[in-house]
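Please take these sequences and the hints and turn them into a complete structure.
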Amino acid sequence: MSFTLAFALLLAFSVGVWWLGRRRASALAGGERLHSLPGYYGTWVALWTGIPAALILLLFLTAGPRLGEALIAADPPAAVASLPSETAQAFWNDAQSLARGEPTTAIQWTPEQRAALEQKAEQARQYNGFSAFAALALAGVLALGGFLLAWPRISPTLRARNQVEGWINIALMACSAIAVLTTIGIVASLLYEAMRFFASVPPLDFLFGLQWQPQIAMREDQVAAKGAFGAVPLFAGTFLVMIVAMCVAAPVGLFCAIYLSEYAGRTTRGVIKPLLEILAGVPTVVYGFFAALTVGPLFRGFFNWIGSWLAEGPLDPLGQYLMAVQNEMALTAGVVMGIMLIPYISSLSDDIINAVPQSLRDGSYAMGATKSETVKRVILPAALPGVMGAMLLAISRAVGETMIVTMAAGSQARITANPLDSVTTVTRQMVELLTGDQEFDSPRTLAAFGLGLTLFGVTLVLNIIALRIVQKYRQAYD
Amino acid sequence: MAAEGNPLPHDTQLRPPAVAAHTPVANAGVKIHCQGVSAFYGDKQALHDISIDIPDRAVTAFIGPSGCGKSTFLRCINRMNDTIPGARVTGRIEIDGEDVNARSVDPVVLRSRVGMVFQKPNPFPKSIFENVAYGPRIHGLANGKAELEAIVEASLKKAGLWDEVSDRLHQSGSSLSGGQQQRLVIARAIAVQPRVILMDEPCSALDPIATARIEELIDELRRQYCIVIVTHSMAQAARVSQRTAFFHLGQLVEQGSTEDIFTNPREKRTQDYITGRFG
Ligand SMILES: Nc1ncnc2c1ncn2[C@@H]1O[C@H](COP(=O)(O)OP(=O)(O)OP(=O)(O)O)[C@@H](O)[C@H]1O
Ligand SMILES: [Mg+2]
Chain A
1 MSFTLAFALL LAFSVGVWWL GRRRASALAG GERLHSLPGY YGTWVALWTG IPAALILLLF
61 LTAGPRLGEA LIAADPPAAV ASLPSETAQA FWNDAQSLAR GEPTTAIQWT PEQRAALEQK
121 AEQARQYNGF SAFAALALAG VLALGGFLLA WPRISPTLRA RNQVEGWINI ALMACSAIAV
181 LTTIGIVASL LYEAMRFFAS VPPLDFLFGL QWQPQIAMRE DQVAAKGAFG AVPLFAGTFL
241 VMIVAMCVAA PVGLFCAIYL SEYAGRTTRG VIKPLLEILA GVPTVVYGFF AALTVGPLFR
301 GFFNWIGSWL AEGPLDPLGQ YLMAVQNEMA LTAGVVMGIM LIPYISSLSD DIINAVPQSL
361 RDGSYAMGAT KSETVKRVIL PAALPGVMGA MLLAISRAVG ETMIVTMAAG SQARITANPL
421 DSVTTVTRQM VELLTGDQEF DSPRTLAAFG LGLTLFGVTL VLNIIALRIV QKYRQAYD
Chain B
1001 MAAEGNPLPH DTQLRPPAVA AHTPVANAGV KIHCQGVSAF YGDKQALHDI SIDIPDRAVT
1061 AFIGPSGCGK STFLRCINRM NDTIPGARVT GRIEIDGEDV NARSVDPVVL RSRVGMVFQK
1121 PNPFPKSIFE NVAYGPRIHG LANGKAELEA IVEASLKKAG LWDEVSDRLH QSGSSLSGGQ
1181 QQRLVIARAI AVQPRVILMD EPCSALDPIA TARIEELIDE LRRQYCIVIV THSMAQAARV
1241 SQRTAFFHLG QLVEQGSTED IFTNPREKRT QDYITGRFG
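Sequence lines, in order, name chains A and B.
Read in order, the letters of the first sequence are residues 1 to 478 in our numbering.
Read in order, the letters of the second sequence are residues 1001 to 1279 in our numbering.
Just so you know, the hints here were simulated from the structure itself, not pulled from any lab data.
Quick caveat: nothing in here was measured; it's all calculated off a predicted structure.
Note that the Cβ used here is the ideal one computed from N, Cα and C, for glycine as well.
Accuracy of the hints is not assured; some may be wrong.
Said to hold, decoys possible - No more than 27 Å apart at the CA atoms, straight line, and that leaves these computed lysine-lysine pairs for DSS-like:
no., chain 1, residue 1, chain 2, residue 2
1, B, Lys1126, A, Lys371
2, A, Lys376, B, Lys1126
3, A, Lys472, B, Lys1126
4, B, Lys1145, A, Lys371
Unchecked claim - Have a look at the derived ranges for each label pair, beta carbon to beta carbon:
no., chain 1, residue 1, chain 2, residue 2, range
5, B, Ser1177, A, Pro381, 17 to 25 Å
6, B, His1170, A, Leu275, 39 to 47 Å
7, A, Val461, B, Glu1153, 45 to 53 Å
8, A, Leu172, B, Gly1086, 39 to 47 Å
9, A, Leu460, B, Pro1085, 54 to 62 Å
10, A, Leu172, B, His1170, 30 to 38 Å
11, A, Leu172, B, Ala1235, 47 to 55 Å
12, B, Ala1150, A, Pro381, 50 to 58 Å
13, B, Pro1085, A, Gln326, 48 to 56 Å
14, B, Ala1150, A, Leu384, 23 to 31 Å
15, B, Asp1099, A, Pro251, 15 to 23 Å
Below you can see the structure in the form of structure tokens.
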């Protein structure tokens, strides 16, 4: 019997119990005033019936197979003990597959090993059968027991409503616990891998080194020079792209927000807002395409054209340089990233500007100020802290953005302030370090985690500062 | 000024207000002349055919139950209704004989001549000095820093706030108490030398002592300005105003000298309202 069926049965039983409980409570209502509505009594009995049994089923589903593997592997047969660890792992996998009737690996086991395999598979089969039976039986007992225990306690004085509320509280808490625990898990795994990286590369060399040349071992026997893992060029590249992006996104996004909240009529607003939301919903890989296939060639064409004008004139060196400009440059990635950030900044700023009290606008208009004077002298100063917060949030997104820079920024790690140069960024390098066949113990691969941790730290700090600012601002006008 | 020689529509209307305790009003020419003013929010009519003459250098009080259109009428005078989407005003309003709704009138200029003080003090998030300097700055009334400082000082003195804030002009305007903030926005309004000051329940957020200060101030300002005040306090209307107009359900029920309205109302609705029988 499958667990899906078991869950379905349990659900059906709980629904039935809910109905019974409700009916019983309604019947009781004739005599005395009930503490809660009859439906609450039904839910209360159904929860006691369904939840413990469902938890047991879930436990067996998640922990059961692992327990089985551990039990069976507890006494390895002699034929396996001598195998190297990888082959031994394949052996255990095959035993489990055999027990479940699934195809095994292509390894040709010796007759001796074959026999051990069959024996272990039989053990696994027995364990699986037993554990499934035990789980189902236990679940059945719990469901029935919960029902039988709860049923007699239905009485007009039972505070079913409050108890159901308690269950809801627990369920909601569990959901938020999942979110928090996942975050902790992510940070922990990042920290663990980063520690392994910092064991081979000193953190100071990493954070302040000016050379980024992760060693690439082409062949096993190649004795390549030890790579240089200085992250400064990557952060410089990230910073340059971010600056370009903010030069585009900050003014456009802010002016867009001002237009929407102060100037636009209701109908215009009704058209533009959804359009901006669509822009916000475009997947970043599409922006990446746009950058690589449209904006990049456009910019290159433009600069090459200017270069051809300047070449052989008094500004010949500049002309030569411009004529050599390539598709991949910080400017392309930055401009497209800026476009991506526009809706983000404008919708945050729009909220913030709308939170500026109407009384301030009235006060300014009543003084004979025009709209733009009111915006410039009253609304923007009042909204400034919040707008700064929005900008910081946008910066932290720009720093963490991956797809656009992967497709449009380039791969040369260099420290430059020239947006026409090809630069590489932290995120782009992480992609490069982690794609393809990787050994998860070489510094080259682990460097990705060092970068990840640093990036995580930077964006975390930016976000905390930004949210603080936004929150403080909200409170000021509540 | 053009309106000053106007024949008065009703002889009772513009008798010099009899305010026994106060100094007599020097010049009570008509400042604001309203004829058949109606106001609409979308399809809903908020004001029905209001006609009233408001005298210069006197305080005119608008009283009436909540929602009767006092604020709406006040906003018609400086065209603040223009900023409300869907609001529409018909009829004629003249200030010094000039139609405020005429095409040639720029509402921005109009509002610089008609100051407004709101129910809740709304200082801008700037320093005290910058709050008062706001109007002169945007209208270019001061040539140079010294002149601006002089305007700010004079306005704060007129608003009776100078002594309390002269040593902290560069602190935030919102650091003041509610009553001080209300006097600050009055100073802000008079810094542009308006001809008219409109006040919409200026004391409703204030305690009795701050209220008394504002009332004193209003009585002081009355010598130079035409003041219109909306209030829910009968006592306040009786104390500060020379003329009173009673609104009900978007209609102007009765107007006259404050003394007449309070001692000898012609309409039953007025009497019911001022004696607290409804509202
Ligand atoms: N912005 C608006 N949009 C639509 N209707 C409005 C608006 N402002 C006011 N009204 C309506 O116009 C009528 C008059 O409102 P107004 O604010 O002038 O009353 P009021 O006499 O000032 O009341 P209160 O004493 O409570 O301030 C009310 O019925 C109100 O609902
Ligand atoms: Mg009002």
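So, going through the hints one by one against the coordinates:
1. B:Lys1126 x A:Lys371: With Cα atoms ~18 Å apart, Lys1126 of chain B and Lys371 of chain A stay inside 27 Å; holds.
2. A:Lys376 x B:Lys1126: 13 Å, holds
3. A:Lys472 x B:Lys1126: Holds. Lys472 of chain A to Lys1126 of chain B sits at ~18 Å (cutoff 27 Å).
4. B:Lys1145 x A:Lys371: Given pair Lys1145 of chain B, Lys371 of chain A holds - Cα atoms ~25 Å apart, limit 27 Å.
5. B:Ser1177 x A:Pro381: 17 to 25 Å: About 22 Å separates the Cβ atoms of Ser1177 of chain B and Pro381 of chain A, which means 17 to 25 Å holds.
6. B:His1170 x A:Leu275: 39 to 47 Å: Because 44 Å falls inside the window, the suggested range holds.
7. A:Val461 x B:Glu1153: 45 to 53 Å: Roughly 46 Å apart at Cβ, these two residues keep to the hinted range, so it holds.
8. A:Leu172 x B:Gly1086: 39 to 47 Å: Since Leu172 of chain A and Gly1086 of chain B have Cβ atoms about 42 Å apart, the given range 39 to 47 Å holds.
9. A:Leu460 x B:Pro1085: 54 to 62 Å: 43 Å, violated
10. A:Leu172 x B:His1170: 30 to 38 Å: 49 Å, violated
11. A:Leu172 x B:Ala1235: 47 to 55 Å: 54 Å, holds
12. B:Ala1150 x A:Pro381: 50 to 58 Å: This hint is violated: roughly 25 Å between Cβ atoms.
13. B:Pro1085 x A:Gln326: 48 to 56 Å: 51 Å, holds
14. B:Ala1150 x A:Leu384: 23 to 31 Å: 30 Å, holds
15. B:Asp1099 x A:Pro251: 15 to 23 Å: 41 Å, violated
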